[in-house]
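Read in order, the letters of the sequence shown correspond to residues 1 to 75 in the working numbering.
Be aware that a few hints might be false.
Derived pair list, reagent style DSBU-like, types lysine-lysine, alpha-carbon separation capped at 35 Å [said to hold, decoys possible]: (1) K34 x K45; (2) K34 x K54; (3) K46 x K58.
Here are the computed distance ranges between Cβ atoms for each label pair [claimed, not checked]: (4) A48 x Q19: 25 to 33 Å; (5) A52 x T30: 35 to 43 Å; (6) G24 x G51: 44 to 52 Å; (7) I63 x Q21: 23 to 31 Å; (8) G51 x N26: 28 to 36 Å; (9) E65 x I42: 42 to 50 Å; (10) P10 x A52: 37 to 45 Å; (11) N26 x H55: 14 to 22 Å; (12) Q21 x E65: 48 to 56 Å.
Hint data in this document are derived by calculation from the structure and do not stem from the laboratory. Every residue gets a Cβ at the ideal spot worked out from N, C-alpha and C, and that includes glycine.
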Amino acid sequence: MIQIPLSDFPETIQNLVNQAQMTGDNLTITKEGKPLAVIQPITEKKRATFGAMKHRGKILGDIIEPTSNLVIWDV
């Protein structure tokens, strides 16, 4: 967890937020050594691999019948 005094916060906000986002650490803002606020980076929700494509496909026709007339080839 990163801690920073309130007096230093305005000068370093962008760098600290970027660092918190990259590392995943919370940023605690303190005043006279007492915590005032915590900035927590937002993490992206990861999709599970199993079922990731559920409800994303379409069946456009009959999937059981052959796509064309059956032709027997002489080899």
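Numbers of unmet hints, in rising order: 2, 6, 7, 11
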